[in-house]
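Peer 1: Taking UniProt numbering, the leading residue of the sequence shown gets 1, the next gets one more, and so forth.
Hints are computed from structural coordinates only; laboratory data are not their basis.
Values in this document were obtained by computation on a predicted structure and should not be read as measured data.
There may be inaccurate statements among the hints.
[Said to hold, decoys possible] Lysine-lysine pairs mimicking DSBU-like chemistry, simulated, CA-CA at most 30 Å apart:
| # | residue 1 | residue 2 |
| --- | --- | --- |
| 1 | K50 | K93 |
| 2 | K135 | K96 |
| 3 | K138 | K61 |
| 4 | K138 | K93 |
| 5 | K96 | K79 |
| 6 | K97 | K79 |
[Said to hold, decoys possible] Derived DEER-like restraints, expressed as beta-carbon distance ranges:
| # | residue 1 | residue 2 | range |
| --- | --- | --- | --- |
| 7 | Q15 | L134 | 25 to 33 Å |
| 8 | R202 | S56 | 54 to 62 Å |
| 9 | K133 | E13 | 24 to 32 Å |
| 10 | L134 | E63 | 56 to 64 Å |
| 11 | F198 | F131 | 55 to 63 Å |
| 12 | D169 | D52 | 39 to 47 Å |
C-beta: ideal position from N, C-alpha, C; glycine also.
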Amino acid sequence: MSSVYYDGFCLIEDQDGTYYFSCSYVSNSFFHYVLTTEGDIEQRHWDYEKDDWGISWNAVKSECDVYGMCGAFGSCNSKSLPIRSCLPGFEPKNTKKWNRRNWTSGCVRRTPSSQCAVVNSSIEAVKMDGFLKLKTMKVPDFADSSLALENYCRQQCLENCSCIAYAYDSGTDKVGDGKKVVTISVIIGAIFISICTFLLWRWMAKQQGNYIHT
Numbered sequence: 001m002s003s004v005y006y007d008g009f010c011l012i013e014d015q016d017g018t019y020y021f022s023c024s025y026v027s028n029s030f031f032h033y034v035l036t037t038e039g040d041i042e043q044r045h046w047d048y049e050k051d052d053w054g055i056s057w058n059a060v061k062s063e064c065d066v067y068g069m070c071g072a073f074g075s076c077n078s079k080s081l082p083i084r085s086c087l088p089g090f091e092p093k094n095t096k097k098w099n100r101r102n103w104t105s106g107c108v109r110r111t112p113s114s115q116c117a118v119v120n121s122s123i124e125a126v127k128m129d130g131f132l133k134l135k136t137m138k139v140p141d142f143a144d145s146s147l148a149l150e151n152y153c154r155q156q157c158l159e160n161c162s163c164i165a166y167a168y169d170s171g172t173d174k175v176g177d178g179k180k181v182v183t184i185s186v187i188i189g190a191i192f193i194s195i196c197t198f199l200l201w202r203w204m205a206k207q208q209g210n211y212i213h214t
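With these hints in hand, go ahead and build the complete structure from the sequences.
Peer 2: Right, here's the structure in full:
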């Protein structure tokens, strides 16, 4: 959902796993939300000219936006054919359903975690687990988050056998944009001060010339 719609909305999850969605939004527009049978959330507004409901926003932009359609450890790419596949190192949990284009059962690891198997069986370590870097992957809506360095996230996940993946946002783009804004502001400020200094110098020189002439 676009950030323009965040204001006034509240999504709460209680201990029983129930989600509550509410809003307190002051607007002259008359609108409501509809959860369709396809699992899409639509914001519909009343169009006074057409005297009918119109769709102003919907959550699903492509098949990849449908929640849970890929199943666990599945990847969706709208430009690929088929659009869904298992992540590297994983295979379909139910091959028959997968071949019928029903991907909801998801994927499973081809081999168990070496490190966790060693921990659970108290055998000497044979090979350390690692991570495969994937880009533009959606993080779960209610994933645990914390402020930490990337290496710390990696180490914490390796030491926890229930942890299967981690995501890290370096914020490089935001920092870069911030530097650009600061640099431009400094340059503009320096130019402005230089112009003001030059005009002040000319005015003082003119005043001094008039005083000498008088």
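Peer 1: Now look at each hint and say whether the structure bears it out.
Peer 2: Results of checking the hints against the structure:
1. Between the alpha carbons of K50 and K93 the distance comes to roughly 49 Å, so the proposed pair goes past 30 Å and is violated.
2. Between K135 and K96, the direct Cα distance comes to roughly 29 Å. Compliance with the 30 Å bound is thereby established for this hinted pair.
3. Taken as a hint, the K138 and K61 pair is honoured in the structure, with Cα atoms around 14 Å apart against an allowance of 30 Å.
4. At roughly 21 Å between alpha-carbon atoms, K138 and K93 fall within 30 Å of each other, so this suggested pair holds.
5. Between K96 and K79 the CA atoms are separated by roughly 24 Å; this keeps the pair inside 30 Å, and the hint holds.
6. Annotation: proposed proximity of K97 to K79 holds, straight-line Cα distance about 22 Å (limit 30 Å).
7. For Q15 and L134, the Cβ-Cβ distance of about 32 Å falls inside the hinted range of 25 to 33 Å, so the restraint holds.
8. For R202 and S56, the Cβ-Cβ distance of about 57 Å falls inside the hinted range of 54 to 62 Å, so the restraint holds.
9. For the hinted restraint 24 to 32 Å between K133 and E13, the CB-CB distance of approximately 30 Å keeps it satisfied.
10. Between L134 and E63 the Cβ separation comes to about 19 Å, which falls outside the hinted range of 56 to 64 Å.
11. Separation of F198 from F131 is about 58 Å and conforms to the stated range, judged on CB atoms against 55 to 63 Å.
12. The given range of 39 to 47 Å is respected by D169 and D52, whose C-beta atoms sit roughly 42 Å from each other.
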